[in-house]
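A.B. asks: Okay, here's what each chain looks like letter by letter:
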Amino acid sequence: MKKIINDPSTVVAESLRGLELAHSDLLTVVPEPAVVVRVDAPVRGKVAVVSGGGSGHEPMHGGLVGPGMLDAACPGPVFTSPTPDQVQAAIERVDGGAGVLLIVKNYTGDVLNFETAAELAQAEDVEVATIVIDDDVAVKDSLYTAGRRGVGGTVLLEKIVGAAAERGDDLAACVALAERVVAGVRSMGMALAAPTVPHVGEPSFDLGEDEMEVGIGIHGEPGRARLPVDNAEGIVARLLEPILEDLPFTEGDRVLLFTNSMGGTPLLELYLAHGIAERLLADRGIVVERRLVGPFVTSLEMQGMSLTLLRLDDELTELWDAPVRTAALRWGS
Amino acid sequence: MKKIINDPSTVVAESLRGLELAHSDLLTVVPEPAVVVRVDAPVRGKVAVVSGGGSGHEPMHGGLVGPGMLDAACPGPVFTSPTPDQVQAAIERVDGGAGVLLIVKNYTGDVLNFETAAELAQAEDVEVATIVIDDDVAVKDSLYTAGRRGVGGTVLLEKIVGAAAERGDDLAACVALAERVVAGVRSMGMALAAPTVPHVGEPSFDLGEDEMEVGIGIHGEPGRARLPVDNAEGIVARLLEPILEDLPFTEGDRVLLFTNSMGGTPLLELYLAHGIAERLLADRGIVVERRLVGPFVTSLEMQGMSLTLLRLDDELTELWDAPVRTAALRWGS
Amino acid sequence: MGCTAADVAAAVRAAAEVVAEHRDELVELDRAIGDGDHGENLRRGFNAVVSALDTSTPDTPGAVLKLVAKTLISTVGGAAGPLYGTAFLRAATALGDAAELGPAEVTTAIEAALGGVVARGKAAVGDKTMVDALDPAVRAATATSGSVAEVLAAAAAGAQAGAASTVPLVARKGRASYLGERSADHLDPGARSTALLLASFARSAGAGQ
Amino acid sequence: MGCTAADVAAAVRAAAEVVAEHRDELVELDRAIGDGDHGENLRRGFNAVVSALDTSTPDTPGAVLKLVAKTLISTVGGAAGPLYGTAFLRAATALGDAAELGPAEVTTAIEAALGGVVARGKAAVGDKTMVDALDPAVRAATATSGSVAEVLAAAAAGAQAGAASTVPLVARKGRASYLGERSADHLDPGARSTALLLASFARSAGAGQ
Ligand SMILES: Nc1ncnc2c1ncn2[C@@H]1O[C@H](COP(=O)(O)OP(=O)(O)O)[C@@H](O)[C@H]1O
Ligand SMILES: Nc1ncnc2c1ncn2[C@@H]1O[C@H](COP(=O)(O)OP(=O)(O)O)[C@@H](O)[C@H]1O
Ligand SMILES: [Mg+2]
Ligand SMILES: [Mg+2]
Ligand SMILES: [Mg+2]
Ligand SMILES: [Mg+2]
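In order, the protein sequences belong to chains L, G, V and F. Here the first sequence is numbered in the numbering used here, starting from 1 and rising by one per residue. Here the second sequence is numbered in the numbering used here, starting from 334 and rising by one per residue. Here the third sequence is numbered in the numbering used here, starting from 667 and rising by one per residue. Here the fourth sequence is numbered in the numbering used here, starting from 876 and rising by one per residue.
Among these hints, one or two may not hold up.
[To be verified] Computed spacing ranges between beta-carbons, pair by pair:
(1) T650(G) <-> E683(V): 55 to 61 angstroms
(2) E202(L) <-> R617(G): 34 to 40 angstroms
(3) E687(V) <-> E119(L): 30 to 36 angstroms
(4) D321(L) <-> A850(V): 44 to 50 angstroms
[Claimed, not checked] DSS-like, lysine-lysine: derived pairs with alpha carbons at most 27 angstroms apart:
(5) K335(G) <-> K2(L)
(6) K788(V) <-> K140(L)
(7) K473(G) <-> K997(F)
[Said to hold, decoys possible] Here are some chain G residues pointing at chain L (derived, C-beta under 7 angstroms):
(8) K336
(9) E347
(10) R350
(11) G351
(12) E566
(13) G597
(14) E611
None of these hints come from the bench; they were simulated from the model. As the structure is a prediction and not an experimental result, all values here were calculated from the model. Even glycine gets a Cβ: it sits at the ideal position worked out from N, Cα and C.
Can you build the whole structure from these sequences, using the hints too?
C.D. replies: This is the structure:
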């Protein structure tokens, strides 16, 4: 394993120190239990939006803390959900009296840990609501799985709900909006090479020189199918089709297309893939109204990509366009 | 070689198509010869700032085109400087009557191709000036080399000069400012693993499992020394010391610290390294006044990082803070 | 023999050593069908438990298990954190203020632990989770009449067999379920760690006889 | 024999084939001490030259070389693009409007090419560049009196020896200079391509005799 680290057991804490130094105008890192909070938290009278999950997906979630997006992020160890303490500490720091919305990616660990924290907070009379995001169409949502995973759609959800909270929507309205986003967003990812978790020291799965893993998660979990490597056309089509079928997205739909690098795929390739996805959508009469391209929901240095489609309407588009000021997403005044 | 591409010979053209679709509010891609130009070019009465170089360093330079930064970028094939035609085409498209400043990274190929284009433009009575950036302290600037390479400092130069052009500085003032930036910026990089150029198909150099390459360029050129891998503390110190000695940077200096990922190093590690660099600078009484952390000057999927230090004064800080609206850097109104 | 707070604390410390010894094995099992952190998560958690026991000495078996529960919940994360945390918490609650444990209390505690895991995780037998180890452990314990050591030995044997039974299963809960059919032919890491913990407790009880 | 525009165009086409055949070798040489693009850059450029020759038929040797020059400049990029481009441009200019080339014109053209490369790239003999192949080529051509084919054969032999002489050198120009001492023990890719081009031209001239 080759990494720019000192000790696998202190990677997250050391990285958070650097994050704070790099963005002290935006965020503060509270140590023990570790929480990244907006520098001006709590914002009185605003619904606080809190997310979190294992580390190794940067810039999600710490790089998404700031005005117009998250009030706090709870970073767990690499690829391991945070503990209830962290979530509780986050809730305490950011609760501005208008309630707290927890955005949880649908993994057993994340759900259980956030659930525990929510129970504890409610016992303290803090109004807490939870939204679980499960946009990964690679996983069948059935009795036979833990349900779909939360992947790329999480960033879109956090941006849109963050904007709603910022404009003053109350907790019930934020929850309703979040449910609307979750209902209209779908993702699918693939990998050409596995990431290496610092405390494991070797790649999370082994792929042959001619293989790719399709339907991959963001934690180095193997995907649903191992296939021969394909070219960009084939890869993009294979990601897009199940997404389109699932919702389904149909002719005339207005969408946000999010082309995400898993970390190790360079922008040169990512833009190439994005161009293909745009063409395939145009061919079907689906209107790409907004786009996001880059490494936003990563899996350490994993080579690969994911596509996410969100169905837009005027309100969602307006909330997407609303000002945001975080380390990773920044626009508007 | 595993990449999300179709055909190695069309990678750049296909990627540019995706870039344009992703950022049509900011830029237009002119094909044959390929140039990325500001969507509102030419801007009348403004000095036009043009850069370019081989592809594979994204977001540099195409992702830096937009208000407050570049008017045009000339993307060559992967790791190969663009041709004079491209530079000429860029000059023609963006010349707003106030002259054109060419920002050239110091590589023989880039210098010769831009030089040829500048001669041709001058023959057409366009006022053209060239600034060559050579911030890489890994290369001795002597009679025995092609001179220092242009690396991370390029992004800082493009931001600052772009802001000056945007506020209305004339060509001579832009050149003087650019010279000041070049005089005060130094960089050094390292790699843990080599990138793979699509038309080559195998890694640009071979590194053992226990080796790192220090003093690396951004084109997969091997570095000056191959050393045993070190931890993050050792790596950061080894990059920072030659930078500090070279200018030199001394106690009380105000600086911008740019911690750059070469592409394959994830943000988790990059922030960790950034935190170490901040601490080492604080220890020496050097004041980090601004920072940039992320993959901005990359070498495809190369794992590794570089550090860049720029000496700041009030004017440079103000120009750094000035609004910018590009795919990769965006702040201010 | 009786089983006091000190005995339980000693058993927990011994279990922490077992977890550390098997860290890499559990990582490897989880790498195959999950995300490779189970061994590291438990090591971190049981390390913290040992530290907690170093600084406070709870005076009933139930209080020891409650400290274990709270520490695991706040340090393990992942699926295993809340699941093991709830298991130990329910066991602690079931034991109440009892100063010493006999075989009946031990059986009650394991039963409560299973109830907690099922309540939190909603897994059934055959879903390829720690429930596949814990459920046969409860059944074996219930069927045994004998000393604490004998009850725990039966539970450990049940857990061991139950863990082994997960190998051919297709996972229906937790991260391994994403793999579908590809999750078969692998030992479930959580079932394995449950079997390891019970085996360690049984050894501690046996040594204390 | 005389050397007409058609002969020169045919020689350039043959050279393009040689470049394509040696693409991988040149990439490999450049990968060792540069950035691995030299073979691909030249292949792209000479491909474009062939296309240009397919669509226009310049009527003097100088005009052919001028077309080659312009095409290389606008398609090769990197260091080799402007350097080879200038070389062919200066050669073209030196030939003026001559309809046929004799040995003296060929020598003048090679000399002008060297002058162009040195003017653009400022490299001297021993810097481990294409100049190390071109300079001995010029000297060999100047020292030879004979047919066009003989002059080119001498130049090619000189270039070949000159290219070989770059192996032990430490680079002082171009990308290889960044490597310092580590650039020694490698053949310079640009010197190698120069030798390949001259050898191909010599073969074409010899075949045309
Ligand atoms: N719903 C559940 N009910 C019971 N046990 C579960 C459930 N989900 C997962 N597990 C257990 O947790 C183990 C994985 O734990 P761990 O690797 O620490 O968490 P994570 O999956 O979050 O990385 C699995 O091997 C399984 O035994
Ligand atoms: N200043 C120079 N003068 C003459 N030849 C040079 C000079 N710099 C580089 N070269 C030649 O160019 C070759 C490299 O060409 P190429 O790989 O196409 O360009 P780049 O170095 O830009 O990738 C070198 O092998 C060398 O022979
Ligand atoms: Mg996990
Ligand atoms: Mg090159
Ligand atoms: Mg796990
Ligand atoms: Mg080269």
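A.B. asks: Taking the hints in turn, state whether each one holds.
C.D. replies: We went through each hint and held it up to the structure:
no.: 1; hint: T650(G) <-> E683(V): 55 to 61 angstroms; result: holds, 56 angstroms
no.: 2; hint: E202(L) <-> R617(G): 34 to 40 angstroms; result: holds, 38 angstroms
no.: 3; hint: E687(V) <-> E119(L): 30 to 36 angstroms; result: holds, 34 angstroms
no.: 4; hint: D321(L) <-> A850(V): 44 to 50 angstroms; result: holds, 47 angstroms
no.: 5; hint: K335(G) <-> K2(L); result: holds, 20 angstroms
no.: 6; hint: K788(V) <-> K140(L); result: holds, 18 angstroms
no.: 7; hint: K473(G) <-> K997(F); result: holds, 18 angstroms
no.: 8; hint: K336; result: holds, 6 angstroms
no.: 9; hint: E347; result: holds, 5 angstroms
no.: 10; hint: R350; result: holds, 4 angstroms
no.: 11; hint: G351; result: holds, 3 angstroms
no.: 12; hint: E566; result: holds, 6 angstroms
no.: 13; hint: G597; result: holds, 5 angstroms
no.: 14; hint: E611; result: holds, 5 angstroms
Checked against the numbered hints above, the structure violates none of them.
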